[in-house]
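Chemist: Each chain is listed here by its residues.
Number of protein chains: 2
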Amino acid sequence: MGGDFAPRATVAGALQSLTELESRHTIQLVGQTSVIERELHDLFSGEFAGQSSRGVGRDRIEVVEAPEAIDMTDKPGVAVRSKPNSSMVVGLRLQAEGKSDGFVSAGNTGAQMAASMIILKLHEGLKRPAIATIFPTSRQPVVVLDSGANVDCSADELVQFARLGAVYAEDILGRDNPSVGLLSIGEEPEKGNSVVKEAHELLRAAGLNFIGNVEGRDVPAGQCDRGPIDVVVCDGFVGNVVLKFYEAVAPMMVGILKRAGVEPQRLTAALKDLDYSEHGGAPLLGVRGVSIISHGKSSPRAIKNAIGVAVRAVESHMDEHIGRGLQAVAGEGEAA
Amino acid sequence: MGGDFAPRATVAGALQSLTELESRHTIQLVGQTSVIERELHDLFSGEFAGQSSRGVGRDRIEVVEAPEAIDMTDKPGVAVRSKPNSSMVVGLRLQAEGKSDGFVSAGNTGAQMAASMIILKLHEGLKRPAIATIFPTSRQPVVVLDSGANVDCSADELVQFARLGAVYAEDILGRDNPSVGLLSIGEEPEKGNSVVKEAHELLRAAGLNFIGNVEGRDVPAGQCDRGPIDVVVCDGFVGNVVLKFYEAVAPMMVGILKRAGVEPQRLTAALKDLDYSEHGGAPLLGVRGVSIISHGKSSPRAIKNAIGVAVRAVESHMDEHIGRGLQAVAGEGEAA
Numbered sequence: 218m219g220g221d222f223a224p225r226a227t228v229a230g231a232l233q234s235l236t237e238l239e240s241r242h243t244i245q246l247v248g249q250t251s252v253i254e255r256e257l258h259d260l261f262s263g264e265f266a267g268q269s270s271r272g273v274g275r276d277r278i279e280v281v282e283a284p285e286a287i288d289m290t291d292k293p294g295v296a297v298r299s300k301p302n303s304s305m306v307v308g309l310r311l312q313a314e315g316k317s318d319g320f321v322s323a324g325n326t327g328a329q330m331a332a333s334m335i336i337l338k339l340h341e342g343l344k345r346p347a348i349a350t351i352f353p354t355s356r357q358p359v360v361v362l363d364s365g366a367n368v369d370c371s372a373d374e375l376v377q378f379a380r381l382g383a384v385y386a387e388d389i390l391g392r393d394n395p396s397v398g399l400l401s402i403g404e405e406p407e408k409g410n411s412v413v414k415e416a417h418e419l420l421r422a423a424g425l426n427f428i429g430n431v432e433g434r435d436v437p438a439g440q441c442d443r444g445p446i447d448v449v450v451c452d453g454f455v456g457n458v459v460l461k462f463y464e465a466v467a468p469m470m471v472g473i474l475k476r477a478g479v480e481p482q483r484l485t486a487a488l489k490d491l492d493y494s495e496h497g498g499a500p501l502l503g504v505r506g507v508s509i510i511s512h513g514k515s516s517p518r519a520i521k522n523a524i525g526v527a528v529r530a531v532e533s534h535m536d537e538h539i540g541r542g543l544q545a546v547a548g549e550g551e552a553a
Numbered sequence: 218m219g220g221d222f223a224p225r226a227t228v229a230g231a232l233q234s235l236t237e238l239e240s241r242h243t244i245q246l247v248g249q250t251s252v253i254e255r256e257l258h259d260l261f262s263g264e265f266a267g268q269s270s271r272g273v274g275r276d277r278i279e280v281v282e283a284p285e286a287i288d289m290t291d292k293p294g295v296a297v298r299s300k301p302n303s304s305m306v307v308g309l310r311l312q313a314e315g316k317s318d319g320f321v322s323a324g325n326t327g328a329q330m331a332a333s334m335i336i337l338k339l340h341e342g343l344k345r346p347a348i349a350t351i352f353p354t355s356r357q358p359v360v361v362l363d364s365g366a367n368v369d370c371s372a373d374e375l376v377q378f379a380r381l382g383a384v385y386a387e388d389i390l391g392r393d394n395p396s397v398g399l400l401s402i403g404e405e406p407e408k409g410n411s412v413v414k415e416a417h418e419l420l421r422a423a424g425l426n427f428i429g430n431v432e433g434r435d436v437p438a439g440q441c442d443r444g445p446i447d448v449v450v451c452d453g454f455v456g457n458v459v460l461k462f463y464e465a466v467a468p469m470m471v472g473i474l475k476r477a478g479v480e481p482q483r484l485t486a487a488l489k490d491l492d493y494s495e496h497g498g499a500p501l502l503g504v505r506g507v508s509i510i511s512h513g514k515s516s517p518r519a520i521k522n523a524i525g526v527a528v529r530a531v532e533s534h535m536d537e538h539i540g541r542g543l544q545a546v547a548g549e550g551e552a553a
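Those sequence lines, one after another, are chains A and B. Numbering (my numbering) for the first sequence: 218 to 553. Numbering (my numbering) for the second sequence: 218 to 553.
Bound-form chain A, shown alone (with noise of 0.2 angstroms):
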């Protein structure tokens, strides 16, 4: 129930992505269930009849039940107490009670994260997880993170960032020791905020893949002069005015570029890759399974890759990797 363009967005990209998993795959819709019903009656007598469901039928669609509604203003902490039978709440206790795999939502991010802790808890060791953001690049995309779950963080909680990082950029984008760069504003280690720096000393112990300080230009760029970069690390506050910056700055180019005169569709063309919407949702890492964050605005293809992130998440096991990676860092310190 929750995104700017939902139940629509939601349930056709929930239709869309059946037709790419395989038949195994089932969705649950959680929400109102008469709204809901009238939304897959529409798509499937609309857009979704006859060949474009591609053989996709109600059966791999649940509906449950869920009579309230967590609103985009409502306060996260507030809204997931007092509406215990909201679909953000719901959908997550499907998950805990073992009746799901895995968790997507493009409504208030806030409360996505306050019901992801309370109902699904953190990994032992974690104050509170961290939102991973897929970045377009030059190159390969690239992992940012925190993007906005953690504006106060301390060193030790970046260098957790770092390993949480790591884990997605295999698990979920197949990379193979992924290297982890911290974000600073100078490439020697001395450059940054003492935070940055304090960060810069501890990722050099933590058996990671660190490549060091990457800089604000390498971000877009996908590399350093060490090499390509997977996952860059930074503060919730950092992340999320970069990831909000780097969203606002393509449609700024179109508009430059539409008024010089560069046929539209052209443009709609080459800027296909930087588009979000392509790269699916944002994990909320740390929590014990999957939730999945898509954006507000998330179209249905931004749900269909949001599902599809989910999907690689439970496959990979995404979760478990993390909790060992954890545990093991906890060994290591008590062995110390």
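Please note that the accuracy of each hint is not assured.
One copy or two, it doesn't matter: identical chains are merged, so the pair holds either way.
[Unchecked claim] Derived pair list, reagent style DSBU-like, types lysine-lysine, alpha-carbon separation capped at 35 angstroms:
| no. | residue 1 | residue 2 |
| --- | --- | --- |
| 1 | Lys414 | Lys316 |
| 2 | Lys475 | Lys489 |
| 3 | Lys292 | Lys408 |
| 4 | Lys461 | Lys408 |
| 5 | Lys292 | Lys475 |
| 6 | Lys461 | Lys344 |
| 7 | Lys414 | Lys344 |
| 8 | Lys344 | Lys316 |
| 9 | Lys414 | Lys475 |
| 10 | Lys414 | Lys461 |
| 11 | Lys475 | Lys338 |
| 12 | Lys475 | Lys316 |
These are calculated hints, taken from the structure and not from any lab test. Computed from a predicted structure; not experimentally measured.
Given the coordinates of chain A, assemble chain B onto it according to the supplied hints.
Modeler: Okay, now just chain B, sitting in the frame of chain A:
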């Protein structure tokens, strides 16, 4: 002598600027006399010969000997003290001695900052200067500060940046009652890290045209839903990351569009507005005098524009306005 394309680009930019400035303006070229004289000779007998000089003669150019040069890799504080006869130190000393009105360099930014603080001194109440950078946007250009001089900032320092930026926007960009936004991760006052939340409260009572928090997406847009933005305030870590990110996005998009078959000439013309060299140098705000930082990769055009910023700063008495603005606040503080 500083900058990736010095001394050629610097000398050529100085000559270009003289063709546009009124005839009462003169330029001092500070560095190794023999090297500069050779450049001048080459330019006056080559691209700057005849008509293209538009009547600019050697009488408007003074060469000031400075045998040493600070390298891009020199440690700022050390270099300033160990190279007292460097072009950086000699050039700034001319201003302190009343022999020039403004200083422009494309050299080592850290050294320029250190030398400016030592030689020109700071206005009372400031601990460090701030670097103000112009960001091209979909609307009018926006001043972003600090963009790299101060990494760990207090809320008080962010308020000082707001005051410095407002004077800059008024004096250099000609904005009337400039609007000041605080860069954060949501428009609500309670969004942001702890320093930003504190700065938000202080800015509401600072007597500026404070329009509240602005987000990453508002910067390329040049506006938020409360209207156009003239000044964006952030700490130097965030500002530097976003600045370098921005500088790298345009080339990245040009690459994507070229591969998609958009004609390069059309792109170049369209993206001219996004070229930092069009927007001249970044003033070091807070020093008693005029010290303009030009990009290390400055072209002659960028140098020319940086000199233009220096001239506007001198002629608008920006430095005095800043001094008065900071004094008024100190006075209020005492009265309260």
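Chemist: For each hint given before, does the structure comply? Return the numbers of the non-compliant ones in rising order.
Modeler: 1, 5, 9, 11, 12
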